[in-house]
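**Q** Below, each chain spelled out in residue letters.
Protein chains: 2
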Amino acid sequence: MDKKLTINDIAKMSGVAKSTVSRYLNGGSVRPSTGQKIKKIIEENNYEPNVFARLKAKESRVIGLTVPGFDSVTTPRLVEVIVEYLKKNDYTPLIMHTGNKIAEEIRSIERLKNMNVDGIMVLATGSTKEYEEVVEKLQIPILFLGQRFPGANSIINDDYNAGYKIGEYIGKRDFEEVYLLWVSKEDPAVGGERQRGVIDGLFSCGKEPTEVIETSFFYEDAVHNVEKLTEKLKKPAALICATDRIAQGAYKVLYEKEIAIPDEVSVVGFGDYETGELMRPPLTTVKFDWRNWGESSAETMLQMIQQKPVSVIQVNPYEFIERKSVR
Amino acid sequence: MDKKLTINDIAKMSGVAKSTVSRYLNGGSVRPSTGQKIKKIIEENNYEPNVFARLKAKESRVIGLTVPGFDSVTTPRLVEVIVEYLKKNDYTPLIMHTGNKIAEEIRSIERLKNMNVDGIMVLATGSTKEYEEVVEKLQIPILFLGQRFPGANSIINDDYNAGYKIGEYIGKRDFEEVYLLWVSKEDPAVGGERQRGVIDGLFSCGKEPTEVIETSFFYEDAVHNVEKLTEKLKKPAALICATDRIAQGAYKVLYEKEIAIPDEVSVVGFGDYETGELMRPPLTTVKFDWRNWGESSAETMLQMIQQKPVSVIQVNPYEFIERKSVR
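Those protein sequence lines, which keep their order, are chains B and W.
Take the first sequence: its position 17, counted from the start at 1, is 663 in my numbering, and no numbers get skipped.
Take the second sequence: its position 288, counted from the start at 1, is 934 in my numbering, and no numbers get skipped.
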């Protein structure tokens, strides 16, 4: 008999759902009559469960989750949504912290695999050849969030178009100077795609950035860089900030130097932190629907564990939030 | 020969540090000559490592960390500091999320223990009899953060005195009404101690709260409760908020209803979030030194793993940050 018999075939032959066969193989409860039917077909056909099915037979109902760090607004709230969704589905998340380092991300993935997790979700920082090889050999479902990972499943934000929208919004207005306060291209999504979108958006209005100033994701670095910048900028100027956190750093400096927002210096960010509407003037920004992002990511992970079909790349949409920080 | 020979004795007899003996016993690298010296003494004295030393012999260099949730400003930044400190000392943190539920906290502790972690740090939510029994039987070091846990080591914030300071600060001023926007007493530290401090501080000035309004740690609930409150309060009023997050909710409502802060309604919080200085007017609050808290907690955990003496209760001090949100 054909050794390549699949769970799908068994399902068809026994007239039950694929998930029922899978549950039976994993020792879950099925109706006794159904169980007997499946058993008979398996025995008659010398069915050999494949590696993945065997792995699943000892499923841990634990899902690994690696995060670059919690010193951000986006990560903690995204983790909250994912954790809540996984728990509701009787999975326990096990969280590892990668310190925003690819080497640690790889090590965490290997460690989680050795702990026999059913799948791994990665709030990703980037990729390397070595990393891609590790992922390719992994044998358990892995899903990347926030970065497009070559050859693996990813759920990313629509960074390019969000950037384009902001670039265009600023480009249509009259400013003496337009500065980008941006993170390094080592972060492909924010540093790469989002910035490319902003620059293309400005360009579509015949404008270009006066300067792209490199800063980190940290508030303190933004404060430092904007302090230096205020010594030279020509008003009215616009500061396009890679994240709301960076925009907050800009606000702090502009408040202290009593530079009027938005009349002298306009500011925009990305992220729509809860506090954006509390800033004075309220911050114009872009919102990525993080609740939808977290839930659809967790659901995709569950579908992957159940060997259901999922799209290799999913894109989380953005929403433009116009407030009062641009003249 | 005396069977009760300790690592300490071996260290003295071989003239090396206790940590070197420990490293040798755990299969770590020591100088060959030192190793021979220790080996000789152990053999001559029929040294039997005790249960704990044997546990340590298979040390995982993994430390479990349970958190109630990341939907807060304090938890993510505290976790960052702890993780950084542990990693610097070659420990890998494994993080579990308890959803602010004691039952899940207990389950996470048991799970982490079964994963053979060297110690467990708990960002704690409270305690029960059952919980205390689990902790008592644990056999590996456990440290509670933020809540005093009966019979176990804890590092807590100086919530009572911080509350007292704020109560006194508001009590000394003239308000028609003073409202507390507070979390439930189910949280013993913030709901209990901190609130008791505020009320005692007000009382020391001959004042008492007009009403204690129960709210959650969430921004949305604060917004909802302050909206209802603004319909009845007599100005000038003061709102003492259990956390800065709650104070942010108050600001949002007061902005929307165009009620002047601080002249009509004064607001204070606890927590000193980064954004407090960006609010207009900047928020008067209390800061707990979370960096020191995180670092000393992680260091205490390491000391416990190394069986060094540590204080059962350690208190993290507060600092009053006077800004412009109180008339």
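There could be a bad hint or two in this list.
To be clear about the criterion: a stretch of chain B counts as covered by chain W if any three or more of its residues have a C-beta under 8 Å from a C-beta of chain W, and this derived list gives those stretches [unchecked claim]:
#1 652-661
#2 937-947
Just so you have them, the derived chain B footprint on chain W, three or more residues with Cβ under 8 Å [as the list claims (entries may be wrong)]:
#3 891-905
#4 919-928
DEER-style ranges, computed between Cβ atoms [said to hold, decoys possible]:
#5 Pro963(B) x Ser862(W): 54 to 60 Å
#6 Ser665(B) x Thr652(W): 55 to 61 Å
#7 Lys747(W) x Asn938(B): 21 to 27 Å
Simulated from the structure, these hints should not be mistaken for lab results.
Computed from a predicted model, the values in this text were never measured in an experiment.
Note that beta-carbon positions come from the ideal geometry of N, C-alpha and C, so glycine has one too.
**Q** Now tell me, hint by hint, if it's right for this structure.
**A** Right, here's what the structure says about each hint:
For the segment 652-661 of chain B, the stated coverage by chain W is not satisfied: 0 residues place a CB nearer than 8 Å to a CB of that chain, which falls below the threshold of 3. For the segment 937-947 of chain B, the assignment as covered by chain W is violated, since 0 residues bring a beta-carbon within under 8 Å of that chain's beta-carbons and 3 are needed. Coverage of a stretch by a chain is defined here by at least three residues with a beta carbon nearer than 8 Å to that chain's beta carbons; for the segment 891-905 of chain W and chain B the count is 4, and the condition holds. Look at the segment 919-928 of chain W against chain B: 6 of its residues bring a Cβ nearer than 8 Å to a Cβ of that chain, three or more, so the hint holds.
At roughly 30 Å, the beta-carbon separation of proline 963(B) and serine 862(W) lies outside the given 54 to 60 Å, and the hint is violated. Between serine 665(B) and threonine 652(W), the C-beta spacing of about 58 Å keeps the proposed range 55 to 61 Å intact. Under the hint 21 to 27 Å, the C-beta atoms of lysine 747(W) and asparagine 938(B), about 25 Å apart, fit the expected range.
The structure fails hints 1, 2 and 5 (numbered hints given earlier, in ascending order).
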